[in-house]
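J.: Chain order of the listed sequences is A and B.
Going by the numbering used here, the first residue of the first sequence is number 1, and it counts up by one from there.
Going by the numbering used here, the first residue of the second sequence is number 1001, and it counts up by one from there.
Calculated directly from the structure, the hints in this document are not laboratory data.
Cβ atoms here follow ideal geometry from the backbone N, Cα and C, with glycine treated the same way.
One should not assume that every hint holds.
[Stated by the list, open to error] According to the in silico footprint, chain A covers these stretches of chain B (three or more CB under 8 angstroms from chain A):
(1) 1020-1027
(2) 1085-1098
(3) 1137-1145
(4) 1176-1187
[Said to hold, decoys possible] Only some residues are given here: those of chain A computed to face chain B with a beta carbon under 8 angstroms:
(5) T46
(6) Y64
(7) V166
(8) G169
(9) K180
(10) M182
[What the hints assert, rightly or not] Subject to a maximum C-alpha distance of 27 angstroms in a straight line, what follows is the list of computed DSS-like cross-link-like pairs (lysine-lysine):
(11) A:K180 <-> B:K1059
(12) A:K59 <-> B:K1136
(13) B:K1180 <-> B:K1136
(14) B:K1155 <-> A:K59
(15) B:K1044 <-> B:K1156
(16) B:K1156 <-> B:K1136
(17) B:K1044 <-> B:K1155
(18) B:K1044 <-> A:K59
(19) B:K1180 <-> B:K1031
(20) A:K136 <-> A:K124
(21) B:K1002 <-> A:K59
(22) A:K2 <-> B:K1059
(23) B:K1059 <-> A:K156
(24) A:K44 <-> A:K31
(25) B:K1059 <-> B:K1031
(26) A:K59 <-> B:K1156
(27) B:K1180 <-> A:K59
(28) A:K155 <-> B:K1059
(29) B:K1059 <-> A:K44
(30) B:K1124 <-> B:K1136
There are 2 protein chains.
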Amino acid sequence: MKVEFQFDFGSPNAYLAERAIPGVERRTGVKFDYVPILLGGIYKATGNMSPAESLHGIKNKPEYMALETQRFIRRHNITTFRQNPFFPVNTLMLMRGAVAAQFEGMFEPYFQAAYHHMWEDPKKMDDVEVFRAALKSSGLDIDRLMARAQQDDVKKRLIDLTTDAVNRGAFGSPTFFVGKEMFFGKDQLRDVEESIVEQMRQPAASIA
Amino acid sequence: MKVEFQFDFGSPNAYLAERAIPGVERRTGVKFDYVPILLGGIYKATGNMSPAESLHGIKNKPEYMALETQRFIRRHNITTFRQNPFFPVNTLMLMRGAVAAQFEGMFEPYFQAAYHHMWEDPKKMDDVEVFRAALKSSGLDIDRLMARAQQDDVKKRLIDLTTDAVNRGAFGSPTFFVGKEMFFGKDQLRDVEESIVEQMRQPAASIA
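Given only the sequences and the hints, what does the whole structure look like? Please build it.
T.: What follows is the structure, given as structure tokens:
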């Protein structure tokens, strides 16, 4: 069974959700595929917008969303998260970097470093010099990665993954797929886990 | 501990959430207070709008919300729900009726009848003759109820409950309060239940 976590480094909700994935993997024995997508591309293709935009000017709802985030952080004991003062950060470079890192077999350290510099020790990661210095400080071979990230197959792969996500029903971040079943939002991680368990029990049904 | 279910008969999500409340009551031993509010008033006071409006024109998101609803219905084994073809129904009369029914000690039969005629055998319940005939057919003393619903204390009570909901953070339907903790949406019923259990364990913390 294929379980996907579609992420854009610019989404704090994807960061928070990701912190809970290792627990789901441990309990279910399933490994998640990490799929880079461009959230800006998904918003453009669907006409959807970020919560920051859609909640603007509405009373009570933004405060409640902040409360839900605090509850999620408490529930999952997340101590590392810090709001990025440069939000929203354009993530084109970061996400091409993620695809390049997957191609080059350096995804795991790149992923952890990118999240660290976005949401743990937050920086203006759409500034190329900040980006380069931050990832270098985390021990990444940043020159190799940045050169690779500029190649056409990387650019095309990111576009294809984003288009594919939209074609399969995505409209925001984070999005999960458990087989063909889509789940949206960090608050649905319990449903993701239940769906994994259910589909493992009934392998025939998950194909149907 | 006070646990509140704030409802407007016009909200299908409140109907669906309510079907799951008896289970929560059984498992926790806590009875929910049913609090009538006017969802239109909450939208007006907060600048929020119904999902039907806010999702209009967005690709994939309305389809996902429909899928979530189907999942909720399946999870809770709800067999009674039918979309109301007259949606959105103006619920001022229905909600004044709910307050009047609470004042007159006939809330339980009124509540079940109102939901039946909105979401099980759906009718145009903002048409006064349809409203009267429907509730009469359910055995309600509709003349007494409608006369009571026109009195000032009923009208004022509905306004006060709605204003109070907004002042405490509400912006949509359904909204739950467990003590001071607010929860929004049918998908947070598990969190409602967890909060009840947690606050029963730590009575001091729930007062703080």
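J.: May I ask which of the numbered hints given earlier this structure violates, with the numbers listed in increasing order?
T.: Hints 1, 2, 3, 9, 12, 13, 24, 25 not satisfied by this model.
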